[in-house]
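Peer 1: Now for the letters of each chain:
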Amino acid sequence: MTGDDQAGLPPAAPPPTGPPPGPLEPWPETVRWQSVSTDLIWVELLRLAALIVIVLAGLAVGWAISGQAVFGVALTGVLLLTALRTVTIARAVRAWGYAEREDDLLVRHGLLVRRLSIVPYSRMQFVDVSAGPLERAFNLATVQLHTAAAATDARVPGLRPAEASRLRDRLTALGRDRAEGL
Amino acid sequence: MSEPAARDPEETRPPDPPPHPGGYPPTPPPHPGWYPAAGMPTPPVPPPTERRQRLHPLSPALHGAKSLVVVIAALSWSTLSRVGVGWFAVLAVVLAIGATVLAVVSWYNTGYHVVDRELRVHEGLLWRRIRAIPLERLQAVEVVRPLLAQLTGLAELRLEVVGGGKTEAPLAYLSVADAAALRQRLLALAGPQPEAAALAPGTPQVWPEATPPGEPLHVVRNTDLLLSQLLTPQTFMIPFGVVFVATQFLSGDSWSFVAVASTLTAMAGVLLQPIRRVLDNWNFQLARDVDTLRTRNGLLETRAQTVPLHRVQAVGATWPLLWRAKGWLRLRLEVAGYSTGEIDVRNRPDQLLPVGQQPVAEAILAEVLPGVRLDDLPLTTPPPRARWLNPLSQPVLGAGLHERVFAVRSGLLTRQIVVVPYARIQSVRVVQGPVQRRLGLATVHADTAGGAGAAASDRAVAEAWALAAELTARAHQARRANRPQ
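Chains as they are written, first to last, in my numbering: chain D, 1 to 182; chain W, 1001 to 1485.
If you are wondering where the hints come from, they were derived from the structure by calculation, not from laboratory data. Glycine is no exception: its CB is placed at the ideal position from the N, C-alpha and C atoms. Some hints here could point you the wrong way.
Stated by the list, open to error - So the derived label-pair ranges between C-beta atoms look like this:
(1) D:78 with W:1237: 35 to 43 Å
(2) W:1136 with D:81: 48 to 56 Å
(3) D:132 with W:1223: 54 to 62 Å
(4) W:1076 with D:67: 34 to 42 Å
(5) D:66 with W:1416: 44 to 52 Å
(6) W:1385 with D:112: 48 to 56 Å
(7) W:1437 with D:78: 22 to 30 Å
(8) W:1437 with D:90: 16 to 24 Å
(9) D:81 with W:1390: 26 to 34 Å
Excised from the complex, chain D in its bound form:
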């Protein structure tokens, strides 16, 4: 979609030496962030619900059998945490963002712990496009870029299939052009 005019942006190879200190937006003048689909909120909520149901069922059974108050406390704790997480999921999803620069892909995410990954296309080993049953139900997909370093964290969830395949093709094309590997 906007990938081509992204590539036409001023080259980001010599980034500004004194960027303004923004918590999430390092180089606003050269980087155009794209956000992920807000449908991801529902996917995340349903995922959370599924997990919580299992945990709560386990705790409730434990409470019913043993009658220990510890289970009750744990149950309340889990419910409180769930409520907190439900409130923050929307913001967390909005915090996901990615940007395609000339030589690298930027991915940012996280609310409490904020993370920004800068992955050069030339280091790409392979690209994963995956869509679980929940994501498929909402017509979403996840693109993940892998490098030779296990610590690299470049996963972009909540993309429309068309955008996901566009990103995949673009990444593989750029990776092929500039392949460097190790």
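We have chain D already, so just place chain W on it with the hints.
Peer 2: Here is chain W on its own, set in the frame of chain D:
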């Protein structure tokens, strides 16, 4: 997070790789009578498509003997106390014989050959598996000779390939001459300029020789090694451990023999680590041969490792607290292919210098990364407000951009410097936790293909962004500069 198995390129390949575009004659179909007779000398100059070779015929016996140890460990002390010594021995022997029979079957079905620029390893009886290992991706080669292999004149050849969750294709076992010849050949094929490196196999290889080939760089004195391992926390803990077990044992009959034996075994695993280090690094020799580093070490199990210099991902220097009086430090080399989560540290033979003085370390570092000096790195400390997160270690933390490398320093008691060449940076990450956000700090990670990479912790946010931008730019430049080779 790391899924080494999932990213193994060889796993995802079709079982029979399609012919190489280079167009060599296709491999003739294998049939049972087709292997060369075992123990036959290998042809010195093999044709482009060479015959599959078997491992050394003594390998199953060695595997069986090795499995005996595993079997005994698996049966453990509690089984011993339950069934008695006689039955225990019978059980162990039966299981070991079973393992040996399996090893014979697997040996019969295992073969390897070099095709074009690939090493192909065929294995398996029911599930046939052919691994094609592209030699351009070879990171390091290691010849390991456990005690039993030394007695029988055999050696194991291990290849490290990027993406392999574990050591890829351990060829166990080959005769020593075969292992050395194959290593030489694989390295020649894997080198950046195959035609230049191909001259190397012409020189006669005598192995095992006392020193690794090439220009010797350093030999670690065994007395230093011994002393350095005495100066470890484990050594100081041994008396406490012994006293603990003794008091437990004497204080009553609550502890059975099994409990004491198991505790001792468990403690030995931890406390005897220094002894293992001494045995592993005995006679440590480092040499440089054209553009590869060669190390040779070990008392009971000798290892000869060969790392091409352009495969070095990072170098780490560690100054343990107790070594400071001696001015000693340890250097290690990170090579891609050894997975970060590998539990057995012994299988990460990336020691560059087990113990040594600073000048020695500088000399070695100059060979690996010319122009980089440990005492001359432009390290700066994070801002004073980082004290809230690192009350004591704030003055120790440091990060800096050298001309060729990104360097970070950390550790109050065990000081550590990690040096990553820009060309080896795979990705850059900026991470900011909640407390860091309040203080206006962020941590910058430079990820590498081997090891944990380098992390500049708790830099001021503006500096962190500048650092990330600069690292990305310099990594890009360094790669571009490397490309014309």
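Peer 1: All hints are to be evaluated individually against the structure, with a verdict given for each.
Peer 2: Hint check:
Checked against the hint of 35 to 43 Å, the C-beta distance between residue 78 of chain D and residue 1237 of chain W comes to roughly 40 Å, which is consistent with it. Restraint check, residue 1136 of chain W to residue 81 of chain D: a C-beta distance of roughly 49 Å satisfies the suggested window 48 to 56 Å. Between residue 132 of chain D and residue 1223 of chain W the C-beta distance comes to about 60 Å, which sits within the given range of 54 to 62 Å. For residue 1076 of chain W and residue 67 of chain D, the Cβ-Cβ distance of about 38 Å falls inside the hinted range of 34 to 42 Å, so the restraint holds.
In this structure, residue 66 of chain D and residue 1416 of chain W meet the distance hint of 44 to 52 Å, their C-beta atoms being roughly 47 Å apart. Our hint of 48 to 56 Å for residue 1385 of chain W and residue 112 of chain D is violated, since their Cβ atoms are close to 20 Å apart. Between residue 1437 of chain W and residue 78 of chain D the Cβ separation comes to about 27 Å, which falls inside the hinted range of 22 to 30 Å. At about 20 Å, the CB distance of residue 1437 of chain W to residue 90 of chain D agrees with the hint of 16 to 24 Å.
Restraint check, residue 81 of chain D to residue 1390 of chain W: a C-beta distance of roughly 29 Å satisfies the suggested window 26 to 34 Å.
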